[in-house]
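A.B. asks: Residues per chain, in single letters:
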Amino acid sequence: MEQFLEFFVENAGAIAALPLWAFLIIVFGQNLGVYDNKKITAWITCTSTFIGLIWSVCILFWTFGAEEPFSKNITWLSAGNIELSAGWLIDNLAAMMLLVVTGVSLLIQVYSHGYMEKDDGYHRFFSYLNLFNFSMLGLVLSSNLFQIYIFWELVGVSSYLLIGFWFRRPSAAHAATKAFIINRIGDFGLLVGIIAFLFFSINWWAASGNIYLGFTSLQPAAEYVLTAAGPVVYCLIALAIFCGPIAKSAQFPLHTWLPDAMEGPTPISALIHAATMVAAGVFLIARAYPIFEASPCVMTTIAWIGAITAFITATIAITQYDLKKTLAYSTCSQLGYMVMAMGAGAYAAGLFHLMTHAFFKAMLFLCSGAVIHGLNDQQDMRYMGGLRKHMPVVAYTYLIGCFAISGILLSGFWSKEEIFAGLYGNNMTLLTIGLIVAFITSFYMFRSYFLAFENEYRGHAHPHDAPKVMTIPLILLAIPSVFIGFLLSGKFHLPSFDKYILSGHEASAHAGHHESLMLPVVSLLIALAGLLTAAYLYHDRFKALRESVKITADNIIKTAKPFYSLTTNLWYIDKLYYCFIDNIFLPVCEFAANFDKFVIDGIVNFIGVKTRFEGWFLRQFQTGQLQTYLAILFSGLVGLTLIFVALNLFM
Amino acid sequence: MSWEEILIKLFNVELTHYIVLSAVLFCIGIVGLIVCRNVIRVLMSIEILLSAVNINFVAFANYTDLGDLKGQVFAIFIMAVAAAEAAIGLAILLALYRNKPSVDTEEFKELRG
Amino acid sequence: MELITQIKDVLLPESVMVLFILLTAILSFLLGSQKQNFIFYVSLTGVALALVSLSFADYTVEKQALWGSYVSDYFTFVFRIIILVGTAFTLFLTKDYVENFGRSKAEFYFLLLTASLGGMLLCGANDLVMVFIALETLSIASFALCGYTKLDKLSNEAALKYLTFGAAASAAMLYGFSFIYGITAQTNLGAIAGLLSTYEINSVLIIAFLLILAGFGFKISAAPFQAWAPDVYEGAPIPVAAYLSVVSKTAGFAVLIRFMTLIFPEAAIFSVILATIAVITMTAGNLMAMGQQNIRRLMAYSSIAHAGYILLGLAILTGEGITAMTFYLITYLFMNFGVWAAIELFALATGKDNIDDYSGLGIKYRYFSFGFVLCLLSLAGIPITAGFFSKFYLFKAVALAGFWYMPVLIIALINTVVALFYYMRIIKVIYLKPPAEIRHEHVFKIAFPVKAVMAVCVIGVITLGIFATPVIEESRVITVKQDQKVAVSR
Amino acid sequence: MQYLSLTLLIFLPLIGALIIWGPWFAHNEVKIRRFAKGFGGVIFIYSLFFLAFFNPAKEGFQFEQTLTLPGGKPWLEPLGSNFALGVDGISLLLIVLTTFLVLLALIASKYSITKRHKFYYSMIFLLQTAILGVFAAKDLFLFIIFWEIELIPMYFLISVWGSGRKEYSAMKFILYTFAGSIFMLAAILAIVYYNYLQTGIFTFDLTTYTYMKAFAYPTLLGILAFLGFFIAFAVKLPVVPFHTWLPDAHVDAPTPVSMLLAGILLKMGGYGLIRMNLQIMPEIMQILAPLVIILGVINILYAAIVATAQQDLKKLVAYSSVSHMGIVLLGLGAMNVAGVSGAVFQMVAHGVISAGLFMIVGVIYLRTHTRQIPELGGLGQNSPKIMYFAMIIALGSLGLPLLIGFAAETLAFYGAFTSNVFSGFSLFDVYIPVSIQILTAIAIIGVIFTAVYILWMFQRVFWGNIFHKWRKFHDASPHEMVVLISLILVIVVFGLNPTGMTDIFGPTVSSLMKLI
Amino acid sequence: MEMQDIIYSFFFYAIAFVLIIAALGVVFMPRIVYSAVSMVVAFLCVAGIFVLLNADFVAVSQVIIYGVGITIVMIFAIMLTATREDKKLWLAFKFRSLVAIGSAGLLFLLILAAVTKGFTMLSSEAGLFAVQKPSQEVIQRLAAEGTTSAIGKALLTNYVLPFEILSLLLLAAIIGAIVIAGKGKDKLINPTTAGEKPD
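Chains as they are written, first to last, in the working numbering: chain A, 4 to 654; chain B, 104 to 216; chain C, 1257 to 1746; chain D, 35 to 550; chain E, 2 to 200.
The hints are simulated quantities; they were obtained by calculation from the structure and are not laboratory data.
Note that this is a predicted model, so its numbers are computed, not measured.
Ideal placement from N, C-alpha and C gives every residue a C-beta, glycine not left out.
Each hint should be verified, as a subset may be incorrect.
When the alpha-carbon atoms are kept at most 16 Å apart in a straight line, the in silico EDC-like pairs for lysine to aspartate or glutamate are as follows [said to hold, decoys possible]:
id	chain 1	residue 1	chain 2	residue 2
1	E	LYS134	B	GLU117
2	C	LYS1351	C	ASP1314
3	E	LYS95	B	ASP171
4	E	LYS154	B	GLU210
5	D	LYS107	C	GLU1729
6	C	LYS1409	B	GLU213
7	C	LYS1409	B	GLU210
Label pairs and their in silico Cβ distance ranges [said to hold, decoys possible]:
id	chain 1	residue 1	chain 2	residue 2	range
8	C	GLN1549	A	PHE588	25 to 35 Å
9	A	TRP46	D	SER469	34 to 44 Å
10	C	GLU1729	D	PRO467	52 to 62 Å
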């Protein structure tokens, strides 16, 4: 049995290679006109991911038995004193992520076969999907910080391609470029961080013998760099590395690309912008945790950025009318949660929330996809309503999702509770923010549920139920959303998620568990309060009560006018960026271009014209008049004699 | 430099006086060359230039090299060449005059720029 | 008898030339106007015979003749070859140009041979009087040549200008000679050299040097004395212009080299004077050529600029510099005659000298424009052509003369950039502009001898470019021989 | 092994040019083109042989050859130089790149060249001889000769077949390069003269001047000579103040010519910097490293900013070349193995990428006869092939991992970051504590700007809905496909395993750096 | 200061004065004929100077060549180009005249300063030139038969080559003058530059 599992771990690279092969087959298949039937593409993609799933399950079982992580590398680029290598590293964290990624992407691929049926870019879509799978799995498997950077950018590119799938729509094109540029800004920070880290620790790596920037040996390297670079510079390096996750997981300053990324087809939003890619940021934090852990100031900044993101995006989600936008902002805020948890030291809790969030958020997006598909591309909630009657399966899975995300009994509750427990230990203000955000989360989730599925239908398109191929993945996703939290919480003598994740890690022990029951009860109550307020404000049953008490959604909006305008304008962050670009960046480019054209070219032309002018000026002496020539002769002669006689006398 | 010395210097004609004389003539030649507008006058001032040089040569022959008088031989050669130049100058002048009936140097400004 | 042997081994080429000069003079009277073409072949054989006679005597050892008035050593040997080859090229150019001369065709050849005789004598002249007489034969003959097409008023005007300017410059030179004679009481250059080497440099010597420089500067069209060149090159008949730009310039340089290496002691002041004049000439020549429309005037300014470069070789007063100058003059001979042959061809066919009229030449007449462009590129100093190697060898010599000459070197280099501009302008017109319509009806028959000159020049430019080594070896002409400075007691 | 002679490789194109220029093809366009392509292919394969037999481990020059006159005397004995050729890791790589890009340019010139074919193809081959000569010259004098020969063919190529103000930009190009080369000439003469003073022998041979530590030359002479070289190569590798000829030359040159111009001619500048500045005067490079690094950083950022505001597609690509060559400068300034190998890698990478970009621009120009970005829009709609090729090349130029640009950029940035060249420099004796690390961090911002202008251009040109007038925008033709696919093959193959490339020039660079 | 020196200097100054006046007359006389006459006077004075410098042969040849030869040439020139003699043809009052006068004056001062070593002493004392007292027998020879024999000997020994070439020069001058001045009947077939000036 051991050797059997050993084989899987030995060449775990195949997991990433399979989607790459699928991508090549589809691309060449299409261009060389080998086949044209959509079924084949679907089958190729799904089988490659399914094999990947089986593979990662075997790896999971291997990790149960294994003591220390398995790693295999080859040198990819070597010059002078550095030798960067590429390969794969299998440990508990990787096993967990592999499972999540392959599982979710398999279900989404099945779903998108149904979703993209009629779209003519079908093959192109699946080739991009495979490319994304390759890069995501590569990222998860990568064994060192440099290799993770490579797949980091590849994932950015595949998200760029997928957001810009319907490139004929200018808004999609714009969103894709915006997403990629913002990711690029993050990559800049990550690159600078990696190079700086390598700069300080280069002789340590050379001495230590294991591969450069390898994750297994980051801990001692981080200490070495801390001593070498001093706390301030080290904090800068760690922050630079943290820039990567800020952009990728849409944290506070660089989160604006995620809502616009909804331009892409919905399965993409589900896969990339909910479950896998955005989680890559948190995954990098987990992988590079020793670096961040070494300096407390970085940890607090990470925590606070997570908190701020969670709060801001949650408030924005309240006033959104587009279903997908609401879910996008909720993803941002949940990611904020994870980052806050990681920042606060609750390493295992953050990852646990990542895992649970992946499942229920993917399910929520697929439901929204089904709804939009049903209402033939109507995304505005004001024209929905009462869809429970038309799409019961989608409605109920959506409700499960809402319960999970707002942390009522289902998987979300357990992972959020772990986070709150972690926070409770050391940082009360973060805990209060967490609880406020929990309230807002449950409010806007149930608001969207009631607007979309309850009350009567307000739209003019006649909704039809989603086909089988789309509902089955929903149901399959609903199962883990319900049970996974409960199973892995370690409460009832089942293998607890934390011990599994932490086993590979001797993470710091300060995430002490406060066993009192009070915290979960409080969080449950807050979630229910959110549910009730949403029901009160948006459900028809309380319509009469609302009218009598005069507290309706509209007059709340009227009273809290400044707050409402703040959130609808997305806290003016987007406006700030566009204003920066429009009247600072572009004018500077304009000025530089004109400067280049007129000033530098001007000087060059001026020199040209000047010489010609001097030529013309000297030619004026050639008047053609004989005596002028003689005057030039003699005056020149006398002038020269004067000068040189003087020079001779002087010398 | 009292008055007597200057007087002695003045009246005892030395080589310098001849050089000064030839220099004066040379400068008059140069002025004539450039100032006169009539081509004939220009040719004449060329002759003056050459005669100034002759004076210089003969003076040096007299004062430095009375033995074999190389300066005077040179002077003779110069005279011969001056005559040749005058002849060619006249010929060109005539050809010019035949094309355009004027001897004014200001007229001949076709070739310029 | 001793005279005869002297003449036989020192002055043989000159005597052959004198013979043929007299022959052409007599024949020009005897033969009627229509049989004048026969004279061309006579003068050509004369030049050829002179060249052959040159190779007879061995010139490795330096011999003087006729009481030291003429010296023949390796230096004069090389320069006489350049002059004779130049005269041969001019003869070829005149063969078709001669119709313009109306009745008197033969005298042209006579005057041309006398001029080149003057040039040859100038190379070897070792006596002030001999220098003066040789210079005057060259000048007077070229005055006459310049005004030869007497019915064309431009040629007359050019002759007038050339005469007055020449006479004035030679008068100034004579004035300088008189001072030198005054200081040393000698006319033989060797004797003067001996005396001057001990003579401390005072202002009289400087004045004399500059006055002499006026004379030679006129011949090589150096800076303050170059105002005549553009008008004369434009006005004179094309073969004469070519002749002046190459042969009389080479003769001028020959005598200037002899003066500088022999008479004027290697004092810094002289190299400073020459360097400043070289720089002024170069820059003035190049700048004035910039906006030039008439190709003959442009060639005049370019010849002024090249005089500046060659003068630079002299300014550094080293053996290396003079070798570079000689090699430059050899390549200049080929480059210049190539371009002048092309100009003549075009002028004979269309009668136009404006650069814009050359438009579109490259498309139809490929081989002709290839030769023309190659010579222009060689003038500009683009590699693989002889021009580049001669320029580079010159710059190497200047660099080798010490770090003081670096700024001068930089200025010379910048001048090459300016030069490239106006040469490329011509090439641009030839290859890029559409062919002008007026030329189609002209029968663009290319006269054979001119084509021959062009071909020889193109071959010369390419071979000198690639196989520069043997030629540079040959032009390692002068090692300043101390013994020539004969110590003559007062 | 013995039939591999460098002189044959260099003069093969010249023979080709003469054959074409000769009377045989009599203006029959198709035959000329076929012959040219065939001949280009033969030359490319022949250069591949060199690559095959090149053993990277051996130090110094390989395939050395010195041609002498029949009499056995060196070619230009009085000038102290002989016709010596030699190749090492870096120059061989650039030679193969040259032959490869010339072959592609010949194939790509099927559509954009419509008149005077004989003249065109002979000029291309003449240009190739000059460039190969530059890379293979082992003798300073020979280096200058080949450096200046490439002026004339380039002048004709731009001015005869170009568009817009072609004469102006052709003349500007030739004067700029020539002005640059005179500084190089002065510098070479200075060091050769100084060597002559010290050792008495007058030679232009490169190996004698390698690492002029042979004798202590005064730093002032060193600095002046260094600046002389630097100006000449700064003009060629466009460093910002001297770069204004590049956009004009590119905008007005026909597509295949601008492919060659960007692909190879800019590399001559970089190659010169390595061979002359780095190899001959390492100490001076050490002293002037702040200048080189700052110029590199300015190059990257300034060109990227200017590129964003360009309306003309070709100008944008030209400025992107300027920005990419800034990375080469940065790498060279770093003066350590990683930096220099990054610079060499970037030269090859940029060569392939910019050739691809210009091919794409050429393809668009062929169909739309306009290069103004506002007028183009949504071209990807009915020509997906072109769009994908453009996308791969654009992402390559962006520095996307697993494409050739990334490894080069990371090496260069890493080299610059970890180089101990200077930690702060004093300008007019005020000490500025800006260390090379900070400067490199600033330079890496260039990565963002590159992304901005490339993606914005890509979005405006290929995405969005198609303009009505471009609806007949047909997809890539076989010729274009061949060129683009071969370029993309190189980009992807050497992107996936950069060791393939670093093995060739790695040992040469490390042996170069060991001696400093 | 013997009597002889005084007479010598008296003669010298007289002739010099007349010479300078005549030279100035050539340049500044309004009518061309007058300047021709003053030229003749100038040439004769130069001959006088030669006599003072005991160069008798040169003085005579000066009189013959210049006095007679060149004067006839000039008179021929004047007669053949007998245009209406109007005032305009006198002097060119232009910038270049100022330059000419300025540079001529400067040149004169420069030579004067150089020769007299900063106006302090005569050139003979300054040792600038190789001034030497002639030996007695040379003086006797000169007194006896004058300079003709010495010049003759020099012409045919030291300067025989220039002498011969001079003949060729004169031949060329004659033929050139005839060709150019000759009144040929034929018209120009193909004037190279048809005369239209571009700019």
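A.B. asks: Would you pick out the hints that fail for this structure and give their numbers low to high?
C.D. replies: Result: hints 2, 3, 4, 8, 9 break, sorted rising.
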